[in-house]
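Asker: In the order they appear, the protein sequences are chains R and H.
In terms of the working numbering, the first sequence is numbered consecutively and its last residue is 288.
In terms of the working numbering, the second sequence is numbered consecutively and its last residue is 265.
Treat the hints loosely; a few may be bogus.
[As the list claims (entries may be wrong)] To be clear about the criterion: a stretch of chain H counts as covered by chain R if any three or more of its residues have a C-beta under 8 angstroms from a C-beta of chain R, and this derived list gives those stretches:
1) 152 to 160
2) 240 to 249
[What the hints assert, rightly or not] Below 30 angstroms or equal to it, Euclidean Cα-Cα: the simulated DSBU-like pairs (lysine-lysine) are:
3) R/Lys272 - R/Lys3
4) R/Lys3 - R/Lys279
5) R/Lys143 - H/Lys72
6) H/Lys224 - H/Lys251
7) H/Lys251 - H/Lys123
8) R/Lys143 - H/Lys123
It should be emphasised that the hints constitute simulated quantities derived from the structure, not laboratory data.
Glycine included, C-beta positions come from ideal geometry on N, C-alpha and C.
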Amino acid sequence: MKELLVISGKGGTGKTTVVGSFAALAPFKVLADADVDAPNLHLLLAPDQLEESPYSGSDLASVDRKACTECGRCTDLCEFEAIRNGVVDARRCEGCGTCALVCPVDAIGMAPQTTGRVYLSSTRFGPLVHAQLMAGAEASGKLVTQVRQRARAAAEQRHVDLILTDGSPGIGCPVIASLSGVDAALIVSEPTPSGLHDLGRVLQVAAHFGVPTAVSVNKWDINADLTRAIERLSIALGATTLTRIPFDPAVVDATVAATPVVEWAYGEASKAVRALWKDVASWGALT
Amino acid sequence: MIVAVASGKGGTGKTTVAVSLALSVPRAQLVDADAEEPNAHLFLSPVIRKTVPVAMMVPDVDLRACTFCGRCAEFCRFNALAVVKEQVLVFPELCHGCGGCIHACPEGAISRSERRIGEVELGEARGHRFIQGRLKPGAPSAVRIVREEMAHLHLDVPTIIDAPPGTACAVQEAMAAADFCLLVTEPTPFGLHDLRMAIDLAAELDLPAGVVINRSGRWDSPIEDECRRRGVPVLLKIPFERQIAEAYSRGEPLTDAFPEYGDKLRRAWAEIETGARV
Chain R
2 MKELLVISGK GGTGKTTVVG SFAALAPFKV LADADVDAPN LHLLLAPDQL
52 EESPYSGSDL ASVDRKACTE CGRCTDLCEF EAIRNGVVDA RRCEGCGTCA
102 LVCPVDAIGM APQTTGRVYL SSTRFGPLVH AQLMAGAEAS GKLVTQVRQR
152 ARAAAEQRHV DLILTDGSPG IGCPVIASLS GVDAALIVSE PTPSGLHDLG
202 RVLQVAAHFG VPTAVSVNKW DINADLTRAI ERLSIALGAT TLTRIPFDPA
252 VVDATVAATP VVEWAYGEAS KAVRALWKDV ASWGALT
Chain H
-12 MIVAVASGKG GTGKTTVAVS LALSVPRAQL VDADAEEPNA HLFLSPVIRK
38 TVPVAMMVPD VDLRACTFCG RCAEFCRFNA LAVVKEQVLV FPELCHGCGG
88 CIHACPEGAI SRSERRIGEV ELGEARGHRF IQGRLKPGAP SAVRIVREEM
138 AHLHLDVPTI IDAPPGTACA VQEAMAAADF CLLVTEPTPF GLHDLRMAID
188 LAAELDLPAG VVINRSGRWD SPIEDECRRR GVPVLLKIPF ERQIAEAYSR
238 GEPLTDAFPE YGDKLRRAWA EIETGARV
C-alpha cells in the first residue's frame, strides 16, 4: 500500500484543490483529510457520514477543592502555567500529570477529555476519513495519526492500495505527524516570497523524516521568475519538479461550486491538474 | 490596544492585512506569531537587533544513578522515555517538556537539560517595532515561541499580531493577549467553513471580532450573511484582482502598491478601537 501526502508549508496554495481533483482522477483509493485544524476536503466531496467517534487527545487535570490545601506545589511545577489556586486552565493544560504526581494530598486527578471527532464517510470517489479538532485544542498531531490509521484500516479492508492524504499548512506537530511513514509527499507551492520561503522550510522537515518529495507550483504564471526560483530551490533540496498549474479563475468558480476543478471545467488549470496526476501516478516513490 | 490578525484557513491574506495595517497605523509594532512559517519579514526587510533563543526542557538521565526501574517511562504520557535493559532512551521530538519524569524518578537521576526549539527576533522595519518568532524545522510546537514573543511586547503602542493559521494551541496563545481579533477570510466555501471556526474561537475567548474579506467578488454574500448572523462586522473588502496578486508575488505590501488602502485600513482601525475589549 502507498500513501501520498499533499502539503504546502504556506497555507492557501491549493492543497485541497489538488487533492479534490486527484480524488476524481485516481481509480481506487481511500481519502484522508489530515488538516484536522481546518478540514476542507469534505466540502468538495459531499460525504455521507458512516461512522463518528469521539477523540481524546489528552487528559485534563481536575482538582478536588475539598482536599486541596492550596500549598502551591502544582502551580510551581506546572511548565504550562495551567494550574493556579486549585483552578485548572483547560486551554493550557497539556495533560502531562505532573501536578497529580506532585500533589502531597492527592487532590488532583487526571481524566480524558474529548477534544475532537473522527469521521468515516462515503463519497462518490471512495471512502473519506476526516476529523475535526475542537477550537483551541491540543495534540492535533495525535489526531492526525488517528486519521491516518483509520484510513489505512479502511484501505486494507477494501483491498485498496493507495491513500491520498490532504495535509495541513506549516511545519509543526500536525505536519510532522502526517509525514512520518508516508511513501511520498507532493508539495503545492505558489510563486510568492512566502511560498518560496515556506517551501524551503517544509522541504527541510520532509528531508529530516526521509520522505521523497515533489513540487508543483500553482498559479505559476503570476510570477514566472519566482516559479523558476522555487523549482531551482526544490531541485537543490532533493525534490522532483512536476507539472505547474496556471492561474485560472475557473479554480475559484469550481471551489465556490464545491466541485473538484477537473470536474468543473476543461480549462488550463484543469488540464494541468490532470497532467500533474499523470506525473504523480508514474512517480517512482509511489510505484 | 492589541489586535490579532487570524483566519482559520491558511493563505487568506493574514500577512497582507497585518503588514499593511502596521504600516498604516502610526507607531504600531508588528508581531509575526506564525513561528512555523513567518512571512511578514519578506515584505518589510526588518533590521534585527537582538535574537532571543527559545528552549524547552528535556530530561537528562544520569545512568550511574539510574536503577532502570521504569517509573519515568510509566509516568510519561507522551512516550518520550523508554527503559530497555540497562538503557534509557529519550525521544525529544515527543517530549512536551513537562518535567514530570524528574519528580517521578525515585533516585533523583533525572535533571533538566535544554533543547533549542527556535528563537524570537527583535528589531525594526520602516520605523515600526518588529518582533518575530521562528520555530526550528523539526521542532513540534510553536506555543513557547509565541509566549516568548508576547513577553517582549511594548504595551504602550498599538500592536498588530500576525497569527498562525488554524485554531489550535499556537493560535490561541497569539489570540489570548489580544483585545480584538481581525479575521481575514476569502469568499469560498473553504473560507466560510474556517471563518465559522475562527469566530467560534474568538467567542470562546470572549474576544470581539471583525472580518476582512480578501479576494472579494463573486461569493461575498454567504460570508456577509454569516457575519450578520454572528454579529461580526465586515470592516474591509479587498477585491479579487490579478494586479493585487502580482504585487503580493513581488513582495510589495498592499499599501505600497495601492496607497488608497492606507486610508481604508486607518478607517478600519478606528472602528476596531471602538469595538475592542478594554
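Asker: Next step is simple, just say for each hint if it's right about the structure.
Answerer: Hint check results:
1. 152 to 160: holds (count 8)
2. 240 to 249: violated (count 0)
3. R/Lys272 - R/Lys3: holds, 25 angstroms
4. R/Lys3 - R/Lys279: Holds, because 16 angstroms separates the two Cα atoms, which is no more than 30 angstroms.
5. R/Lys143 - H/Lys72: holds, 28 angstroms
6. H/Lys224 - H/Lys251: holds, 9 angstroms
7. H/Lys251 - H/Lys123: Not satisfied, since the Cα-Cα distance of roughly 36 angstroms exceeds 30 angstroms.
8. R/Lys143 - H/Lys123: Measuring from Cα to Cα gives roughly 20 angstroms; hence the hint holds.
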